[in-house]
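Quick note, the sequences are listed as chains D and P, same order. First residue of the first sequence: 1, per full-length UniProt numbering; consecutive thereafter. First residue of the second sequence: 1, per full-length UniProt numbering; consecutive thereafter.
Hint data in this document are derived by calculation from the structure and do not stem from the laboratory. This list has only true hints and no planted wrong ones.
Copies of the same chain look alike in the list, so a pair counts if it works inside one copy or between any two.
As a list, the in silico BS3-like pairs of lysine-lysine whose alpha-carbon atoms are at most 30 Å apart: (1) K307 <-> K40; (2) K46 <-> K395; (3) K307 <-> K46; (4) K439 <-> K125.
Here the structure is a predicted model, which is why all the values come from computation and not from measurement.
Number of protein chains: 2
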Amino acid sequence: MTLPVETFFLHPEAQGTLQQQIQQMIAQGILSGRFQQGEKLPSTRKLATHLGVSRITVTIAYTELLANDYLTSKGRSGYFVSENAPAPPTFAITPEGQDAVDWTRAIGQKFSGGAAMSKPQDWAKFRYPFIYGQADPTLFDHTNWRLCALQALGQRDFNSLTTDYFDQDDPQLIEFIARHTLPRRGITARPEQILITLGAQNALWLTTQVLLTQRRRAALEDPCYPALRDILSQSRCHVTPVRVDHDGLPPDAIPPDTDVIFTTPSHQCPTNATMPMDRRRALLDRAREMDALIVEDDYEFEMSFLKSPSPALKSLDADGRVIYVGSFSKSLFPGLRLGYLVGSEPFIREARALRASVLRHPPGHIQRTAAYFLSLGHYDALIRRMGTALQERRKVMEEALAAHALRISGRGYYGGSSFWMRAPDHINTDDLARKLQSKGVLIEPGRAFFAGTHQPSNYYRLAYSSIPTSRIREGVDIIAHEMALTV
Amino acid sequence: MTLPVETFFLHPEAQGTLQQQIQQMIAQGILSGRFQQGEKLPSTRKLATHLGVSRITVTIAYTELLANDYLTSKGRSGYFVSENAPAPPTFAITPEGQDAVDWTRAIGQKFSGGAAMSKPQDWAKFRYPFIYGQADPTLFDHTNWRLCALQALGQRDFNSLTTDYFDQDDPQLIEFIARHTLPRRGITARPEQILITLGAQNALWLTTQVLLTQRRRAALEDPCYPALRDILSQSRCHVTPVRVDHDGLPPDAIPPDTDVIFTTPSHQCPTNATMPMDRRRALLDRAREMDALIVEDDYEFEMSFLKSPSPALKSLDADGRVIYVGSFSKSLFPGLRLGYLVGSEPFIREARALRASVLRHPPGHIQRTAAYFLSLGHYDALIRRMGTALQERRKVMEEALAAHALRISGRGYYGGSSFWMRAPDHINTDDLARKLQSKGVLIEPGRAFFAGTHQPSNYYRLAYSSIPTSRIREGVDIIAHEMALTV
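Pulled out of the complex, with its shape left as it was, chain D reads as follows (with noise of 0.2 Å):
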């Protein structure tokens, strides 16, 4: 390849000869990385023309660098860089001014440093994943997203997805979430009511941002979704944890002066407990009585193979005071960044104003793709093969995890992907990830998803939706045997 002439600038402010100025420029992009070991320089021709100086000027400088052994010269063929040239000590301490900026000063708000988890970017490697919320592709229907993606890009789909959508969605996606994926849950819902966005964590983010400001109050669930509490303690509010119990968020526990209350009825996050119907009924009167907002996070009704889901807790609401956020994420994939917001209109136009000042819109072509995929029912399909194949697992699980007398704090009335874990109080369970993540088990510490400094760190949570069923044993006994070894 051929280093393109046109990423080859004087720099306005250099030092020292034209000749000088082309060699260093040269040396340091070697230096720097950007011109790699055996890739050809433009001509001295072209370069000369390029930077508006002499020929000979360009083949002085090439010369030079040739004698310091950056360039070889390949007779007619060129100049390219030299095997033997310098290589870049690697791309990260690369030699560059230091700042004049004062950083500390220069940013206004900071948002690093959340709670929120992290997994090994390449978990897929792990031989026995009891990680949460990732894809297995032994599952997923690959062919026909492909089919449906290529359809989307087919040219008359193309046209109209290029185009700026500035504030809207597309018209089809919404259409089927309206008519199809909402009645399933008991939700009716005009297009005015639903918001497509990047996943339910922007979802999440959008609904704080309208909701809540620094003199308004949330109450969360506790344990709950850790980057929840991050999107909250980033908009400044007041936050309530509320501690759940084996039904979910006791509705008498939320402090009467809350402005929005944060739940997961379907299956409680992380602990999996899904709120019975009286509760539901429970909540939505307290909410009433305090004139308090409920956003329901409903991430993962698809997985309910055990029992027909209840509907959401949005189809019991004749206030308009839940606002819903679905996700495609789980059931999809989570790189798929797809989810939606169902409210009432004056929620969600600015809701809807506010995510175009943010991003505009989901990208057109994944909306449209999403579409396809779902109106030709291939969905259903995989929800229905998800379903069988997390039931399958989930028995597995609950023998290996009854063989070793492991305590399940938390498992799904309806289903679900995890079992929430308890260990015996002396186990730290960070301790414990790391110790099993060298023999090839992942398992996910349960302390972020507690609110406060003194969170317990006895838990820890184990999904069965990237694992395969035959590992699920093996994988029980590393942990069993772990813990044993802790005392």
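For chain D, the structure is supplied; the task is to place chain P on it using the hints.
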């Protein structure tokens, strides 16, 4: 199509006998447009099992609905929504409960009502679309984009792309930007100094959130990109508009207590002025004196077809003071939503953490498709093709404007894709645009670009990025004619 039985729920709060409830549920489904004419209902047996009621109850409900002509029966093939069933009035006026929520109070922060301009969604159907920033399907290399998308959808890529990246980007795209795209602007950057965003809009939004607070001051070009003004006003920082001249932003006019300066040096938006090198240096000096940061929006550098572009402001920045915003949306297509930020590591770290909280990461498939399209050289070829077409259109347009003595107020020294026009003082270009729209001509009134409340109303923008060369003359004729009629 048979309506899936899962979409049938009995409302726990419903009144009346079970048979009445079922009847009501179906009728409401039809009235709300959820069940449409000709669609098949679940069999009485299936629905009875699903709802946990006796089959005779369902049969009686169906019979009642038959009598009311909501349903028809086709003998053994079952029950269908009748052709004579009452059609939903329109989707928009579905009967629904009045919200008990006072949304004026419940919404903590309002985001709607910004100045952001809107274009007709069906702009492509207009014969003379002098509108800005939309892709021209005749120039885009649809075939190769499709091939790259297919490659990115292949099994190997797919497995890696379906993963949740958390806060990471596609390493292939980052590498290409670092090694090829940025060097063309004279910029050297390490991967840790680059963040992929959902378009330039998202890059500007993230930057604003990280750098500006209610106590800080931003300087903004006037006129400027209206959505940027919205972003800043939402951040509630102090904003000083600085009037640009024919060389862009004048450094001396920037107030000395400014924290962050927003500028578009390569093609000032909307006047197209290119900032000369001397002024770029003066701007950096001025920022250094004040210890201010500069946000350089290089939104259109690829459109330099009259002359090689000068290196970016960022390339002259030894202090780490410049934050660079790049975008592929103008040159590929705006629906793509793909841009990037380049800046010092402490800044990028915060922007990355904020992005993770807001939306995690731009969808992996789109990042990988772009990486292929760029690295296979299709992008460069596209830019060349666009340059040729734009140059030709610009020439035709200049002639047409000259023929009618329409006054150009700003034209890019390096090219660009639009002219900034000044109509006679008595012309209100909002009115003009409305009148022209009914004649098939789309222009952009200039008012929204200006700050304050007494914006000049006689400017407008004429873009040539989406209109075929053959229609330019005719379109300009209509504009001139309409303007001559306005007294």
